[in-house]
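Engineer: One letter stands for each residue in the lines below.
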Amino acid sequence: MSAVSTTPTGADRYGAGRMQLTRSFVTVIFSTVVLLVACLVFAPSSVSWGALSGSLPFAAIIAIVGLGQLLVVQQGGFDLSLPGAVSLAVVVSTHYPQQNDGLLYQAVLLALAFNLAIGILNGVLVSLFRLNSIIATIGTNALLYATVFAMSGGVPSVTTGLLANIAGGETFGLPNAVYFALGATALVSFMLKKTVAGRRFEAIGASPAAGEAAGLRVRSYQMMAYVYAQLFYCLAGVLIAGITREPTAFQGDSLLLPSVAVVVLGGTSLLGGRGFPISTVLAAFFLNQLSQFALSVGVPYSAQTIIQALALGFGIGVYSLRWSGKVRKTT
Amino acid sequence: MNYANLKKGLAVSVATAVIALGGAGLAKAETPSWCGPKKATLALLDGYGGNSWRQVTTASGKQTVELCPSITKYEYADGQGDTQKAISDIKGMAAKGVDALVVFGDAGPAMLPAITSVFKSGKIIVPYRVAVGGKEGVNYSKFIGSSFENDGVTWGKWIKGVLPKGGNVLFISGPAGNSQGLDELKGLKSVLGPEYVFVNQAPFAVTNWDPALTQKVLTAEIAKNAKIDVIVSDFGPSLVGALPTFTKQGKSIPALATSDGNSLGCFWQDNNASNPDFKLFTVATGNDNVRLAVQWAVALATGGEKPKEQIFEAPAYEDSVSGKPNAVQCRKDLPGAIYMSSALKPEDQAKAVGQ
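One line per chain: the protein sequences are C and P, in this order. Letter by letter, the first sequence follows residues 26 to 356 in the working numbering. Letter by letter, the second sequence follows residues -1 to 353 in the working numbering.
The hints are simulated quantities; they were obtained by calculation from the structure and are not laboratory data. By construction, the Cβ of each residue, glycine as well, lies at the ideal position given by its N, Cα and C atoms. Among the clues, some could well be false.
[Said to hold, decoys possible] Here are the simulated SDA-like pairs of lysine to any residue, each with C-alpha atoms no more than 25 Å apart in a straight line:
hint: 1; chain 1: P; residue 1: K222; chain 2: C; residue 2: G208
hint: 2; chain 1: P; residue 1: K89; chain 2: P; residue 2: A108
hint: 3; chain 1: P; residue 1: K222; chain 2: C; residue 2: Q333
[Stated by the list, open to error] Cβ-Cβ distance ranges computed for the label pairs, FRET-style:
hint: 4; chain 1: P; residue 1: P323; chain 2: C; residue 2: L212; range: 53 to 59 Å
hint: 5; chain 1: P; residue 1: A108; chain 2: C; residue 2: L282; range: 22 to 28 Å
hint: 6; chain 1: C; residue 1: G164; chain 2: P; residue 2: A108; range: 27 to 33 Å
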């Protein structure tokens, strides 16, 4: 990350905007291809169609939470309320309808309302009260888990048949969750890159002071990052509820680290600024395939963890390598 | 003669009535043998009370206590997964003057110092299910463990019955290295010979008992192994979301040896027709472990007769092949997260889990 801050970002921004997007994209693609080749050589079963269709929904989930985290990271923040937010969406969409399809849409709306409220709370705490985002979102995460316990008592509930079909089903041979992830990616890419609001959002992330000097409403843009992020967590939660059929009340816990990992792997600076939604989503596929690879190699659990760590290091290493090459070229 | 007969008849009927009445009186006042005459108070201390299994267990414990009129007061505390709180709960209960404590020591040996100090102060303390280390009579009054090895043996015997010629076994358990999974494996290996090949990495496929991770693990294992004949899992309900992966990959769900749960039973009923290899065998999930622990605590505190069992052995519960001891159970009108094997009535369990 230090590489990011020492690079003359201003120069990049003027001259090499397209180059930069290509670079992060190419890096992730390169890492993914290397991984896929490794899969073909060492664990061919992990790239069989059956294995892919089984694991793609989980890649889609990581991609969706990654997109939410991306927006917050772009504003130089961190959203640690993700586990609570996803778990709450899971709990609301399973406990409220109690396996009654007719109540599903109400449950989803209710989940959305909860998540929006928390998003606004996060946004107000960080942008208006200037609280550190990590502190503020840890607090709201506790609040979210309190709600999770109040609603469920920590007890899992079986999802409705309709939701299981929507989230866990397949259309044209692809898991439905993948379509949701693709839709979310298209939406974020378009909004960020092709709309005035999106361009301002990125500019404010790069330099809030400059944004303020330009007369932009910096605080409201920062606040909205947390609100939009919650929408994605809500979507992810509802999808998990459908995919796993009998989710636990703490299903969001295991998603926090991957959400940050894919944002970093996707090439977005933790200091804020430019975001790379497509690379983030590809990184989600990379990360998920990596764990499938480790599972399929058939080595002890300790070795699985080491393989994952090494491959993650490799992914980030490739990125840094290309980055320093670029710096040499420009200087 | 007639009069004598009448007298005899009268005498017999009076005697019968007396016996019947006496019997009824006895039945009414019947207390279990483990419930002695001495008055005492009892507390149930949970390390973590936040899931349906624990809620059913807690309700079972309470029901057992209520069978003994000598227990004048019953209290409950939930450590909420916080070891510090669980320790202070134990010490707090003892300080309040509770005579007998039954403890689910989730944190394991970390709980031992608190348990020992309470025992040394002269209280009856019975940890159960999770091993806390220490010795009976030195650190606590009695430890009521659960024989997970016995579960493994029970599963192994069933597998031998349905796959007499051997086959590929996939064994999945919770977090890496958890002692429950290792004990179960010991039991399985004691029954199954080399003709049964464990296709998972040793000692078991790690799932953390998380349904999402279980689904990923199963996906990888199905793709890797062309043939899985039987799955062994120590938490059946977590498989409900994962088993359809077989259907998605164009295979029949294989035989399954696991622990029971309402959602799993219903899943079997919905899917066994379209999956010819899907045979289901379950052992009771062990909510009743707490009953034995409470019985011991009450017996020691009230001067009752000590129960014969020293360790809880989960009985076989459902078998879709023989229908013995039970056919597969499903109550669609009740929540999925209850356990039909528990001695607590299903309706009461639904109440306990708040649905």
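Engineer: Now tell me, hint by hint, if it's right for this structure.
Structural biologist: Structure-based check of all given hints:
1. K222(P) / G208(C): 31 Å, violated
2. K89(P) / A108(P): Given that 25 Å is the threshold and the Cα spacing comes to 14 Å, the pair holds.
3. K222(P) / Q333(C): It holds: about 19 Å lies between the C-alpha atoms, which stays within 25 Å.
4. P323(P) / L212(C): 53 to 59 Å: 55 Å, holds
5. A108(P) / L282(C): 22 to 28 Å: 26 Å, holds
6. G164(C) / A108(P): 27 to 33 Å: 28 Å, holds
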